[in-house]
Structures are given as structure tokens and as C-alpha cells.
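Trainee: Residue numbers (my numbering), protein chains in the order written: chain A, 4 to 159; chain B, 63 to 211; chain C, 179 to 550.
Some clues are possibly wrong.
Said to hold, decoys possible - Below 25 angstroms or equal to it, Euclidean Cα-Cα: the simulated PhoX-like pairs (lysine-lysine) are:
| no. | chain 1 | residue 1 | chain 2 | residue 2 |
| --- | --- | --- | --- | --- |
| 1 | B | Lys-148 | B | Lys-205 |
| 2 | A | Lys-143 | C | Lys-320 |
| 3 | A | Lys-80 | C | Lys-365 |
| 4 | C | Lys-367 | A | Lys-86 |
| 5 | C | Lys-504 | A | Lys-152 |
| 6 | A | Lys-143 | C | Lys-475 |
| 7 | C | Lys-268 | A | Lys-80 |
| 8 | A | Lys-47 | A | Lys-80 |
| 9 | A | Lys-86 | A | Lys-143 |
| 10 | A | Lys-80 | A | Lys-143 |
| 11 | C | Lys-476 | A | Lys-143 |
| 12 | B | Lys-175 | B | Lys-148 |
| 13 | A | Lys-152 | B | Lys-205 |
| 14 | C | Lys-461 | C | Lys-211 |
| 15 | B | Lys-189 | B | Lys-74 |
| 16 | C | Lys-504 | A | Lys-80 |
| 17 | C | Lys-470 | C | Lys-268 |
| 18 | C | Lys-504 | C | Lys-475 |
| 19 | C | Lys-475 | C | Lys-320 |
| 20 | A | Lys-143 | A | Lys-153 |
| 21 | B | Lys-189 | C | Lys-320 |
| 22 | C | Lys-476 | C | Lys-434 |
| 23 | A | Lys-153 | B | Lys-175 |
| 24 | C | Lys-312 | A | Lys-86 |
| 25 | C | Lys-268 | C | Lys-504 |
| 26 | C | Lys-470 | C | Lys-504 |
| 27 | C | Lys-434 | C | Lys-468 |
| 28 | C | Lys-461 | C | Lys-415 |
| 29 | C | Lys-320 | C | Lys-367 |
| 30 | B | Lys-189 | C | Lys-312 |
| 31 | C | Lys-470 | A | Lys-47 |
| 32 | C | Lys-415 | C | Lys-268 |
| 33 | C | Lys-312 | C | Lys-268 |
| 34 | C | Lys-268 | C | Lys-434 |
| 35 | C | Lys-312 | C | Lys-365 |
Calculated from the structure, these hints are not laboratory results.
Given next are the chains, with one letter for each unit.
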Amino acid sequence: MLDDIIADVRSRFGESILHVLPEERRATFTVTRPVSHEVLSRLKAMGFDHLSDVSGVDYIADGEFEINYHLWSHARKVRVTQKVRIARESPLIESVVDLWPGAQIHEREAHELFGITFEGNPDLSPLFLEDWTEIPPFRKDFDTREYVKKQYDDDK
Amino acid sequence: MSNLIPAVIRSKAEASAASLWVIHYFTACGFLELFPWVGSGYDMERFGILAVATPRHADVFIVAGYVTQKAVRRIQRIYDQMPSPKYVMALGSCPMTGGMYWDSYATVKRIDKYIPVDLWVLGCPPKPENIGHGIVMAMNAIKGGFGGH
Amino acid sequence: MTTSDPEENIISFMTIPFGPQHPASGHFHAMIKCDGENVTELTPHPGYLHRGFEKLMEYRTHVQNTMLSDRVCILDPLANEMGYVNVAEKAAGIEAPERGKFIRAIMAELGRILSHLTWVGVISYAVGLESGAKIAWGDREKIIRLNEIITGGRIYPCYFMPGGVRRDLSREHADGMARVLDYMEEKLKLYDDLVFYNTTFMSRLENVGTLSREDAVALGATGPNLRASGVSTDVRKDEPYDAYPYIDLEVVTGEKGDAYSRALCRRGEIIASLSIIRQLLAKMPAGDFKVKWPMTKKVPGGEAYFCCEAARGEMCFHMVSDGSDKPYRVKIRGPSFSHALAIFPRLVRGAQLADVPAVYWSLDPCPADMDR
Numbered sequence: 004m005l006d007d008i009i010a011d012v013r014s015r016f017g018e019s020i021l022h023v024l025p026e027e028r029r030a031t032f033t034v035t036r037p038v039s040h041e042v043l044s045r046l047k048a049m050g051f052d053h054l055s056d057v058s059g060v061d062y063i064a065d066g067e068f069e070i071n072y073h074l075w076s077h078a079r080k081v082r083v084t085q086k087v088r089i090a091r092e093s094p095l096i097e098s099v100v101d102l103w104p105g106a107q108i109h110e111r112e113a114h115e116l117f118g119i120t121f122e123g124n125p126d127l128s129p130l131f132l133e134d135w136t137e138i139p140p141f142r143k144d145f146d147t148r149e150y151v152k153k154q155y156d157d158d159k
Numbered sequence: 063m064s065n066l067i068p069a070v071i072r073s074k075a076e077a078s079a080a081s082l083w084v085i086h087y088f089t090a091c092g093f094l095e096l097f098p099w100v101g102s103g104y105d106m107e108r109f110g111i112l113a114v115a116t117p118r119h120a121d122v123f124i125v126a127g128y129v130t131q132k133a134v135r136r137i138q139r140i141y142d143q144m145p146s147p148k149y150v151m152a153l154g155s156c157p158m159t160g161g162m163y164w165d166s167y168a169t170v171k172r173i174d175k176y177i178p179v180d181l182w183v184l185g186c187p188p189k190p191e192n193i194g195h196g197i198v199m200a201m202n203a204i205k206g207g208f209g210g211h
Numbered sequence: 179m180t181t182s183d184p185e186e187n188i189i190s191f192m193t194i195p196f197g198p199q200h201p202a203s204g205h206f207h208a209m210i211k212c213d214g215e216n217v218t219e220l221t222p223h224p225g226y227l228h229r230g231f232e233k234l235m236e237y238r239t240h241v242q243n244t245m246l247s248d249r250v251c252i253l254d255p256l257a258n259e260m261g262y263v264n265v266a267e268k269a270a271g272i273e274a275p276e277r278g279k280f281i282r283a284i285m286a287e288l289g290r291i292l293s294h295l296t297w298v299g300v301i302s303y304a305v306g307l308e309s310g311a312k313i314a315w316g317d318r319e320k321i322i323r324l325n326e327i328i329t330g331g332r333i334y335p336c337y338f339m340p341g342g343v344r345r346d347l348s349r350e351h352a353d354g355m356a357r358v359l360d361y362m363e364e365k366l367k368l369y370d371d372l373v374f375y376n377t378t379f380m381s382r383l384e385n386v387g388t389l390s391r392e393d394a395v396a397l398g399a400t401g402p403n404l405r406a407s408g409v410s411t412d413v414r415k416d417e418p419y420d421a422y423p424y425i426d427l428e429v430v431t432g433e434k435g436d437a438y439s440r441a442l443c444r445r446g447e448i449i450a451s452l453s454i455i456r457q458l459l460a461k462m463p464a465g466d467f468k469v470k471w472p473m474t475k476k477v478p479g480g481e482a483y484f485c486c487e488a489a490r491g492e493m494c495f496h497m498v499s500d501g502s503d504k505p506y507r508v509k510i511r512g513p514s515f516s517h518a519l520a521i522f523p524r525l526v527r528g529a530q531l532a533d534v535p536a537v538y539w540s541l542d543p544c545p546a547d548m549d550r
């Protein structure tokens, strides 16, 4: 169902598209970091007007974060996911608020929980946690059970 | 239940027990089982219990459900603003021990380290009948002279 | 409105906190800047219910996570269970038997009616119609007791399992359900008179908080909030899952996108759910209701993505597995995240201060699925 979309993206971006996983109603593109914003821009132009989510995955063994953009097209009723990997040491990527204004809060959440900086996002202040002094809690090197034992031990 | 609220109120303790006003603070999932009490399912108004908007009018603080680190400061402030005598009821297993979220970095594990608690009601969430049992215990205790804090 | 008197101008600009302790805010906080009665800006401050669900799920097996997933959106637990068990099944390459899928769809629709009744109560409170709340929350008891008889749990059923459901739906359960559906259909006439077509209710919500189609799509609206602005997207129709391919589903949409359109959309969904449950009960196949899923089943490495239609909108689960019995990463997309944090501040700009709770609850946000 998404053959034309896959063909279009492949022809425009060539080798920057590292991998494509086609399913019946969904396609997953893995792209290189430099073209990430452009590919998303092209997908939006092809009708993917709904940004469902911007989420991070911590691949600590590889030293990388993977950012997933989940998109949906109201007109064509199909989904696309774009994956891009960035370095874990100083995680930085362009924001997509210029394409989908609703992305602002998803990126703010990813910033708080993983520490990823989205360039161009107007507000990356903390969303859920107040006076948080540890590393971003969803990173794999943050052990929540160790933290609870240390922080709340006198409560037991 | 008919002898909980007598036909003629003879003492201040009886009057207090017959009109416990609860601060309107929808803490967390424990509160879901208070909806039947607010609605016509179990109806708390017939026992004189009302939900009020301002801490200055409230007698009872029900901590229903888990409390995050962010919320506990607000809870302490609301508790301080309630005039004495006041009573605190902890609903559910989360304020008691951390409950389901015992390993969460964001929730406090024991609410009685932050505010004094008078009544604990077990459950996840406690059934309305359990909450009713707790309310009756509280009303009887207050009628019997329990002064709160 | 500002006046030309400079002293009055200073007094009329105020910053007011809305919540977290407020009769109409749920456990959510927003700072409202207003100029007299007109709201100029609203800044949401979520996080009072943040537990770090997605992190907690990495420490538990899939069966344990099903228990935990109930509590993601506390007002609509079965939709969360539906999302989690489906994504776990996809990751494991397993399919539930047909009967299990039918039972899941029936219970999820019952959960939708329950959630909308809770919403009728809170929107009634927000506009000052307390009787609506008292009656709706009393009627909720009927469905909750049905939940208890069928699943064992009143609020948190923990009924769906990866592979099917925990227990079968018996003939007696189905008969009891049919009686509750008849009762709700009868009661709808009362809700129409008392709430939905009540002139005060209508005047409080008409032309208030109007969400245009462009804004709805750009800011990530889903569910009844999106459909009331004219976009006909419903996951049950567009990507049918479980037993939804077997039924006729009418997608309820609105035109104007104001708070009243959203209210009518939810009313339409209650009616549609009653019809869906009846269709499913009539077509339910016999057979097994689950396949075996051991307590510490290892799921092969890979990824799975699943979306379902919760009462509030599109709920998506993205699971990454690494071959062990615990997921490597679970990302939950709660529908209320966009509604309360992106759409709500946009809608109240320029509105009257007294309308803020009405606009807030017309979006039906659940602070728990916002914060997770």
C-alpha cells in the first residue's frame, strides 16, 4: 500500500536511506542523521499530516540513541515510522516543530527523560520532574531500584 | 447506620462527626472509588460529607492514591492551610508503602513521613464498601472524642 | 477589558493558578495569565502523576506489565490493556484465538461507555450541572459491577492477557451484559433531557473552545476531539484490530469543532458502543479464549508497534524487545498528552476565565495518561 511512497523516498535520498521495512499498512525507514529533517519534510508533503509521537530508545551498548518519529496520514490511512540514530555522548538533532507544531511537547519530554537536545525547539524546560539532579531517568545507566533504595531508604 | 447521625445533636463531637467536609483534591487512581460516594451509588451527602474547594473550609484530607515528589509539597501546603481540628485519611496501598510503584523514582513511599495520618484504608483501590467502613470508623471515633490535629 | 485609567490597568493583569487542587482541574496545574476576564496565555505544568511507567515496565515481565498497563490511563483501563497485550503478541508473533479477540473487543467497548459516563459527570461539574454528575456516576456502578462479576476487578480488571483473556465470558455474563445495555439505552433519554439537550448545558458549551480542523491536525488531536472538528479518523475503522473487522462501525463526527460538538460526539459514541457490543455478542464464536503464554515467556528480539482507539483517542504502544522475558523499551503514546499540553493552551487564548474548566473538560484529558 505504500509502494509509491517507498519508491519516492528511495529515489530522492538514495543511500541515505539505510533500511526500509515494508508492512501491509506501515513502512519503517531508517535514515542517516544528515537527511533526517529533509525526509520528514518530504513525508509531510506526501500527506503524513499527523505526528503521533517522537520517542527515544537508549542503545547504550552501541553508544547511540535512536529517535523514532511515528507518522499517520489522515487521507491515505497508512503509517510511517522514521528511525534515526545519534551519538549518545552529545545527543543533538534538529527539531521538527516547523513541520508539526504538536511536536514541541513530545521533544520536550524526550529531552527531559533522555537528555536529547532538539535544536529549534522554543522550550525544553523540565516537564514532569521538579528539582531533578540525577541523570535523565530513562537512560539505561539509571537504575530506578538503586535510586529508590538510596533516596527513600529512611522511609522503610 | 441510623444511629450515626442522631435526631438531636447534643454535643460538639456529634456535630463534627455529622458534617465532615473533605477537601476537593483528586489525587490519583484511589479516587476512582470515591466517585460512587459522590454519585448516587453510595451517596456521601446523606452522612453530611461534602467536597469543598478551599482548604480553609475542610476538615478531612483524603490522600487517595500515590503521591509524586512534585505533589507532596503541595499536599503539605494544603494540609498546613487547613484549620484544626483536621483529620487525614490515606486511601489505598500506595500512600502506605509505595504500592505498585514501589520502584518508581518519582513517587514517595510513605505519606506519613510528610503529613500525619489518622486512618488507613487498604486496597488498590479500596472498594467503596471498604471506604465506607473507614468513614464509619472515623465518624464513630470523632463522636467518641477523637480530636484530630 | 482594559480601561484608560493606569491604576486599573495594573490591577486587571493577573496570574492565576488553575489546580492542582481545584474542583475542576483533576491533578493538573496550569498558570493562567489574564487581562480582566480574558485569558491571554495559559502555561500547563503537568507531572503531578508522573511515575515513569515506561521505565518500570523494563523491570517486569510481560504478564506483570499487563497488570501495570491498566493504570496508565486510570479512567479507561481496558484500552491500555488492549494496547499492551496486542503489542506483546505482535512482538512474540502470536495471535489470540477468535473468541478471545471478541471478548476483548466487547470488554473494551464496555470500558469506553464507562469512560464516557465518567466524562459526563466531570463536564457536568465543570458547567455547574451537579445532577448530571450524581446520576452518571451512579449509573457507572452498573457497569463496574458487571466488570467485577466478569473479571474480578471493579476498576482495574487485569483481564486481558497476551494470548487472549484470563477467563471465559459465560452465558450468564452475556445475559447480564444485555440487561445492562438495555438499562443504558433506556437511561439515554434522561441524559438527553438533563444534560445533552439542556439549554444551559448547550449555552455553556456552544461556540466555546472551537478547534479548527487545521489546528486539530497540526497539534496532534485524536479521538472525539479530532472527529468533532470534521476529520473522520478512527483506529477501529482504519486499522481494525481484534474483533473490529467483523462489525459495522459508524464513525461519529462533528462539524463545528466547539465544545458542544465534542460533547455530542461522545454521546454518539456511547450509542455506537451499545450497538457494537450487541453485534459482537451475537456473532461471538465458540472455542478457546486464550493460547498459552507462560509467566516468563521470552520474546524474540525485534520491534512491534500497535495503535488502538481508547475513549480519549489514539493510544499507541511501541515495544522493543531483546530476546529476554522483559521488554527493552516500551513507549506509550497517551492521547491526552497532545490534548492538554498542545491544544488546551491554544483553545483558551482569548476565552473568558469562567470558561476555562468547561474547555478543559470538553477535551476530556486524563492527567494520568498525560504524565504516565
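Trainee: So, for every hint listed, does it hold in this structure?
Mentor: We went through each hint and held it up to the structure:
Our distance criterion of 25 angstroms between C-alpha atoms is met by B/Lys-148 and B/Lys-205, whose separation comes to about 14 angstroms. Simply put, A/Lys-143 and C/Lys-320 have alpha-carbon atoms about 44 angstroms apart, too far for the 25 angstroms limit, and the pair is violated. Restraint check for A/Lys-80 and C/Lys-365: not satisfied, since their Cα atoms lie roughly 36 angstroms apart, outside the 25 angstroms limit. Only pairs whose Cα atoms come within 25 angstroms are accepted, and C/Lys-367 paired with A/Lys-86 is rejected, the gap being roughly 50 angstroms.
For the given pair, C/Lys-504 sits about 22 angstroms from A/Lys-152 by alpha-carbon distance, which is consistent with the 25 angstroms threshold. For the proposed pair A/Lys-143 and C/Lys-475, the alpha carbon gap of about 22 angstroms is at most 25 angstroms, so the pair holds. At most 25 angstroms may separate the alpha-carbon atoms for a hinted pair to count; C/Lys-268 and A/Lys-80 meet this at roughly 20 angstroms. For the suggested pair A/Lys-47 and A/Lys-80, the alpha carbons sit about 14 angstroms apart, so the restraint of at most 25 angstroms is met.
Only pairs whose Cα atoms come within 25 angstroms are accepted, and A/Lys-86 paired with A/Lys-143 is accepted, the gap being roughly 19 angstroms. Taking the CA atoms of A/Lys-80 and A/Lys-143, the gap is near 35 angstroms; set against the 25 angstroms cutoff, the hint is violated. For the hint pairing C/Lys-476 with A/Lys-143, the CA-to-CA distance comes to about 20 angstroms; that is within 25 angstroms, so the pair holds. Distance hint between B/Lys-175 and B/Lys-148 is fulfilled; the C-alpha atoms sit about 17 angstroms from each other, no more than 25 angstroms.
Proposed proximity of A/Lys-152 and B/Lys-205 is contradicted: the alpha carbons are some 41 angstroms apart, above 25 angstroms. As the CA atoms of C/Lys-461 and C/Lys-211 are separated by approximately 54 angstroms, the hinted pair breaks the 25 angstroms bound. Between the alpha carbons of B/Lys-189 and B/Lys-74 the distance comes to roughly 31 angstroms, so the proposed pair goes past 25 angstroms and is violated. Pair hint C/Lys-504 plus A/Lys-80 does not hold up; C-alpha atoms about 32 angstroms apart against a cutoff of 25 angstroms.
For the hint pairing C/Lys-470 with C/Lys-268, the CA-to-CA distance comes to about 15 angstroms; that is within 25 angstroms, so the pair holds. The straight-line distance between the Cα atoms of C/Lys-504 and C/Lys-475 is roughly 9 angstroms, inside the 25 angstroms bound, and the hint therefore holds. Distance check on the hinted pair: C/Lys-475 and C/Lys-320 sit about 36 angstroms apart at the alpha-carbon level, beyond 25 angstroms; violated. This hinted pair checks out: A/Lys-143 and A/Lys-153 have alpha carbons roughly 18 angstroms apart, not beyond 25 angstroms.
For the proposed pair B/Lys-189 and C/Lys-320, the alpha carbon gap of about 14 angstroms is at most 25 angstroms, so the pair holds. Between C/Lys-476 and C/Lys-434 the CA atoms are separated by roughly 49 angstroms; this puts the pair beyond 25 angstroms, and the hint is violated. Taking the CA atoms of A/Lys-153 and B/Lys-175, the gap is near 16 angstroms; set against the 25 angstroms cutoff, the hint holds. Between the alpha carbons of C/Lys-312 and A/Lys-86 the distance comes to roughly 48 angstroms, so the proposed pair goes past 25 angstroms and is violated.
Between C/Lys-268 and C/Lys-504 the alpha-carbon distance is near 15 angstroms, which keeps this suggested pair within the 25 angstroms criterion. Our distance criterion of 25 angstroms between C-alpha atoms is met by C/Lys-470 and C/Lys-504, whose separation comes to about 17 angstroms. With a C-alpha separation of about 44 angstroms, the suggested pairing of C/Lys-434 with C/Lys-468 is violated against the 25 angstroms cut-off. Under the criterion of a C-alpha separation no larger than 25 angstroms, the hint pairing C/Lys-461 with C/Lys-415 is consistent with the structure, at around 18 angstroms.
At roughly 17 angstroms between alpha-carbon atoms, C/Lys-320 and C/Lys-367 fall within 25 angstroms of each other, so this suggested pair holds. Between B/Lys-189 and C/Lys-312 the CA atoms are separated by roughly 18 angstroms; this keeps the pair inside 25 angstroms, and the hint holds. Distance restraint check for C/Lys-470 and A/Lys-47: the Cα-Cα separation of roughly 42 angstroms exceeds the 25 angstroms cut-off, and the hinted pair is therefore not satisfied. For the hint pairing C/Lys-415 with C/Lys-268, the CA-to-CA distance comes to about 19 angstroms; that is within 25 angstroms, so the pair holds.
Between C/Lys-312 and C/Lys-268 the CA atoms are separated by roughly 41 angstroms; this puts the pair beyond 25 angstroms, and the hint is violated. With a C-alpha separation of about 38 angstroms, the suggested pair C/Lys-268 and C/Lys-434 falls outside the 25 angstroms cut-off, and the hint is violated. Distance hint between C/Lys-312 and C/Lys-365 is fulfilled; the C-alpha atoms sit about 14 angstroms from each other, no more than 25 angstroms.
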